[in-house]
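**Q** So the chains spell out like this:
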Amino acid sequence: MNKKSFVVALFVVGFLMQVNAQNIIQTVNFTEIAEKYNTLSMEGEAMKWIQTIRVDYGEMKQTNTPIDVMTPIPNQIYFGQPKLYVWDPMFKAWEKVGSNALKQEALGLQFFYRFSISKPGLYGIFNALEDTKASLIEVPSTIQLQQLKLVSEDLKVALNFDHSVKGGKIKVPIAFPPAAMQITATWLDKKGKVCQVNNVTLAQMDALNQSDLDQGKWTLDFDTKQLLAVSQTPKK
Amino acid sequence: MKRVIFLLALMVITSGSLLAQRKKISFGEALKKKWVSFLAKADHRGQKNFKLDIRNLTRDSMDLVFENGRMFVPDGPYQPFVVTRSVVLAMSGSENKDIHLKGYCGNADVGSIPPSFVGAYTTKMGSEEMARTLTQLQAMHLDDSRQMQSLVWAFTNNHGLERIYVNDERGKQFMEVVAMTVGKDLPNYNIKYEDPSELSNFMFTGVAQNMNARLSCDINAVASVDVLLLDANGKVIKCFKHLENLPAGNYQFDVDADIAGLAQGQYHLAVKSTDSRELYNQVIEI
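Sequences listed follow chains B and R, in order. Going by numbering that gives the first Met the number 0, the first sequence opens with residue 0, and the numbers climb by one from there. Going by numbering that gives the first Met the number 0, the second sequence opens with residue 0, and the numbers climb by one from there.
Please keep in mind that the hints were generated in silico from the structure rather than gathered at the bench. A portion of the hints provided could be inaccurate.
Subject to a maximum C-alpha distance of 16 Å in a straight line, what follows is the list of computed EDC-like cross-link-like pairs (lysine to aspartate or glutamate) [to be verified]:
#1 B:K60 with R:D230
#2 R:K240 with B:E104
#3 R:K240 with B:D67
#4 B:K60 with R:D257
#5 R:K240 with B:D55
#6 R:K40 with R:D97
#7 B:K102 with R:D230
Since the structure is predicted, the reported quantities are computational estimates derived from the model, not experimental observations.
When you get a sec, could you build the whole thing from the sequences and use the hints?
**A** In structure tokens form, the structure reads like this:
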């Protein structure tokens, strides 16, 4: 790299850093949410992602001055009542902000969500899942599941199960997971060997069978180790 | 002859009734003619009533009009009192009467009169513009608005109209009347200053507390925008609003924000897109 292009590169980097530094509020897409966070509430309920924003006060003297935020409502019909949540990094879940923090308002021909932010953080708008059924993943006693993540771009759902399970069951609040749902899992086989699958779709799993799915059953075959899931109506 | 006597009698009766009519005279005019004298009682801090002891030095009755904008100035570096509600005092010949006048502090830069004050007061009229505005407000029954004190300082201390804080419909009506009377545009922002503490002698703290603003902005293409407060160097101090993916059009943004802790000085109200385009910039004084 010659001197001139080095100076230009430095200038571009500096400019980009400045632009980035000035953005107090940034939108965060579902891919990042699925990768680094999840769509689970503090109560453990799975939610459907609608929008997320990151609020960074930087060096602003923002004390006692809330930010009035308006984000466009996507051109999709959402059933139920979307609510505003804030990410709790300690519990790794979304905590509801007030009971009536999210309003919907028209500005010109566009409809917006409107809410107020009084501290920096990661804020998300989520809806309850429309699915009234759930599935149970049965973890065979021969393996110890250490981590399981299910991500559906179509349903806008990212579910994380961090706790270690051996011979137990995991409730998944989706009765019929889409074939494109991605699975990331880590488990120990009976010899204690660490096994992993990363972003494997349900369609790629050997045992995915349409008739089983229709009957409310699905089977995941992780490299000859099987996790069995049976769909059922969730117990309230 | 009978007719002449009747006409003479009628003239006497008529002239008598004319003589019996009260004279209506302004307080300033009556002082000038030495028809009245006054004694003012020292006002303490924050008091909006001012007691005057008036003596009619003539034998005639009169209706004494206390003018809007009349100032009573104490001897010494203390707050003058400005009359903000004109009243008429009916006085008989040689009568002594007390009157309580309604008004406000007439100088934001000086302290109130100490309880030990024994000096005298002089009186003078404030600016013609102030008198006209106060009269207009009284006529529209707006002279009891919360903005009265700030309005008086707008005339006596040259405070900008933006220092008159408005946050309700009555306040807006008040400001419209003021702006129309003084022939100025309504400011698109206003600042609320902290109330003085119980121990302070000064009525104006100069400590900004809240700000109201309304700004209008054209957006030519879809943009995500922030409504910001910048310091004199362009550094972002506060973010009031964020609007994501706003379609092109003309927008009006209302700001009602806590600005406690900001020092007095020049700032900028700005609208910037998240790709750093400046769509609006206005210098404001806090």
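**Q** It remains to establish, for every hint, whether it holds in the given structure.
**A** Hint by hint, here is what the structure shows:
Proposed proximity of K60 (chain B) and D230 (chain R) is supported: the alpha carbons are some 11 Å apart, at most 16 Å. Restraint check for K240 (chain R) and E104 (chain B): satisfied, since their Cα atoms lie roughly 15 Å apart, inside the 16 Å limit. For a cut-off of 16 Å, the pair hint linking K240 (chain R) to D67 (chain B) stands: about 5 Å separates their Cα positions. For the suggested pair K60 (chain B) and D257 (chain R), the alpha carbons sit about 11 Å apart, so the restraint of at most 16 Å is met.
Of the supplied pair hints, the one linking K240 (chain R) and D55 (chain B) holds, its CA atoms being roughly 13 Å apart against a limit of 16 Å. Simply put, K40 (chain R) and D97 (chain R) have alpha-carbon atoms about 10 Å apart, close enough for the 16 Å limit, and the pair holds. Distance restraint check for K102 (chain B) and D230 (chain R): the Cα-Cα separation of roughly 32 Å exceeds the 16 Å cut-off, and the hinted pair is therefore not satisfied.
Comparing the model with each numbered hint stated earlier shows that hint 7 is the single one that does not hold.
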